[in-house]
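Hey, can you work out the whole structure from these sequences and the hints?
Read off the chains here:
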Amino acid sequence: MDDVRMIRDVLGKAPAPSAEATARARAALLVQARAESATGTVASPWRRRGAAVRKRPAGRSGRLGAQWWHVSLGGLGITAAVATALVVPAILAPATVPGGPDRGGVGSLPATVPIGDGDDAGTVLRLVAANARLDRAVEARPGQFIYRVGAEGSLSVIGDVDGAGPVARVWVVRRHEMWYTVEGLRSARLRITEGASRTPLTPADAKVARELGYDLTAPPKVEEYGPAPDYQPPADCASCPAVRDPGELYRPTPAYLASLPTDPARLLDTLREAVGDRNKHSPDAQVFTAVLDLLREAAPIMPPEVRAALYRAVALIPGVERVEGRVELAGRQGVAIGRDGESTGNETQREELVFDTAGRELLGFRTVQIRTARGIPAGTVAAVDVPTFTIVDRVGEVR
Amino acid sequence: MTGPPVCAVAPGSLAGTDPPDDLGAVADVVLIRLSRAEPERFALLFDRYYPEIHRFAANRLGPAAADDLAAETFLIAFAKRTRFDAGDPADDGAPAERVPGGHVRAWLYGIATNLVRRQRRSEQRRYRAMARAPRDQSVVGHDERIAAMVSAQSVHRDLSRALASLSARDRDVLLLVALGELTYHEVAAALEIPYGTVCSRLSRARRKVREALGDTDPSGHDRDLGDL
Chain A
103 MDDVRMIRDV LGKAPAPSAE ATARARAALL VQARAESATG TVASPWRRRG AAVRKRPAGR
163 SGRLGAQWWH VSLGGLGITA AVATALVVPA ILAPATVPGG PDRGGVGSLP ATVPIGDGDD
223 AGTVLRLVAA NARLDRAVEA RPGQFIYRVG AEGSLSVIGD VDGAGPVARV WVVRRHEMWY
283 TVEGLRSARL RITEGASRTP LTPADAKVAR ELGYDLTAPP KVEEYGPAPD YQPPADCASC
343 PAVRDPGELY RPTPAYLASL PTDPARLLDT LREAVGDRNK HSPDAQVFTA VLDLLREAAP
403 IMPPEVRAAL YRAVALIPGV ERVEGRVELA GRQGVAIGRD GESTGNETQR EELVFDTAGR
463 ELLGFRTVQI RTARGIPAGT VAAVDVPTFT IVDRVGEVR
Chain C
15 MTGPPVCAVA PGSLAGTDPP DDLGAVADVV LIRLSRAEPE RFALLFDRYY PEIHRFAANR
75 LGPAAADDLA AETFLIAFAK RTRFDAGDPA DDGAPAERVP GGHVRAWLYG IATNLVRRQR
135 RSEQRRYRAM ARAPRDQSVV GHDERIAAMV SAQSVHRDLS RALASLSARD RDVLLLVALG
195 ELTYHEVAAA LEIPYGTVCS RLSRARRKVR EALGDTDPSG HDRDLGDL
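So the sequence lines, in the order shown, correspond to chains A and C.
Here our numbering is used: position 305 in the first sequence is 407, and no number is missing along the way.
Here our numbering is used: position 84 in the second sequence is 98, and no number is missing along the way.
Calculated directly from the structure, the hints in this document are not laboratory data.
Each residue gets a CB set at the ideal place from its N, CA and C atoms; glycine is no exception.
Take these hints with a grain of salt, some might be off.
Claimed, not checked - According to the in silico footprint, chain A covers these stretches of chain C (three or more CB under 8 Å from chain A):
{"hint": "1", "region": "54 to 62"}
{"hint": "2", "region": "187 to 201"}
{"hint": "3", "region": "216 to 224"}
Below, the structure is given as structure tokens:
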């Protein structure tokens, strides 16, 4: 017998390490790794925006929904008597879109480091960025469409919201379906099923709602919108203008997305410039919203490195924090990263993006009330948006 | 005999054959590179190699000591990962003491070996104790399996005695090959010693082991260089 092999056979019989020792050693390593991550991602005070602040053309809304033509949200099933009906959601703009293309190709990924309960925002975002970079780019041929379907839930408060009168809080779910071209995120069709469900928070809310004349059982109202006036179905996409459309933040064409820096700090600078300072919100609030919107809408056609850089860029925005513990979104456990918005009137909300606890999927978005207002206690989820994406061949096709 | 030692490698021998360049080896290096920007990535290397590093340490020092040693191996590797030459173009101009690239697994074994060496006295004591282990007097009979068992016990004692008698350096090389299943090139990379030194230490160590096992073949010495 070969003496080397004999040594192996005779003296190489140690048992495998115990699960406990393994876990302890792994935890010790991760403590080091996370400490290093944390020091590496210290959110520097954000850089000054360059002098060349690009202003968006007048007359367009700040939200990505601008590319749709105006969609009326009337007809909520409220009688005329309920004059002060009020819909809360931040997710009002009809084209608030995509989130979770992160679902693709996950099965083939190497094992990743799940998000720990004690991880801060910087660590969480680093982890999801690292995982996102391993995702495959979504494959779509020119001429195909992205079908995005999302359930947007929001809390409606009905009644005398400004006075002392009774109010009813009703969770309204709107189903939101969109088909848009892969080439340039141009709308091809939008279908909104308003009031897919209406659920009073408590029996008391149901009672008030009935007294106010709010019809909890009204059938869903379906609205459908055709292609935007300038939409041309791509016939020969080698010459499809949308492919080469340079785009911009609010019209994130593939060319625009491919042009974005993959260095988080530079990406953030680029976004800050693109956002400008057009409104009353702080630049940090605006750029945070812009990143979320970009993810909602353009995530499916985003190069994985750009999506990873976006996550990392979020970590650099002052005020971004991890919501402690875990959160629930659409029946799944997740980890939320949010930023408290500035107060508008008596209302303060936090917008969040929610990842699954493995750090592999962007589950969707939440808007959470952080100050009690109009009968909505702090901590109440005011709106959620849980989108899914599919590549389809025809407008109207559902898969 | 003068001149550099030559390691002849017999076909089919476990030691001395390079594993094929598989994707796993590539991915190790990539992981090192990724872990520089994303330190948590290093946990994947842990998942991949902790069990065998632990087993390597446990075979040499016993399971209890292996818990600490294997854990420390990965902490040290993590701290040193920026000095591992992962073939990253961005590394140009990096410090010269980088470990030459590719052999991530060997590199980990090297770190573990250095840690074992700190405890070489206790390793030696352990082998001596095993060498003194009493014969199992309850074994009576002529059954073939019992005979084999008795024989295995005696081989165990003889091997332990041989390992206890080796110098720490020779033992390191021998056990990296025998227990860690490293190739000579990997041993050289792991211990940061020349290839030729690996050969000479290994051949010396094996000769002693064979002697301890009662190999009295007078030609054994001459075969040293050829029968691996």
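Tested hints:
1. 54 to 62: holds (count 7)
2. 187 to 201: The restraint on the region 187 to 201 of chain C holds, since 6 of its residues have a Cβ under 8 Å from chain A and three suffice.
3. 216 to 224: Result for this restraint: holds, n = 3.
Going through the hint list in order, the structure satisfies each hint without exception.
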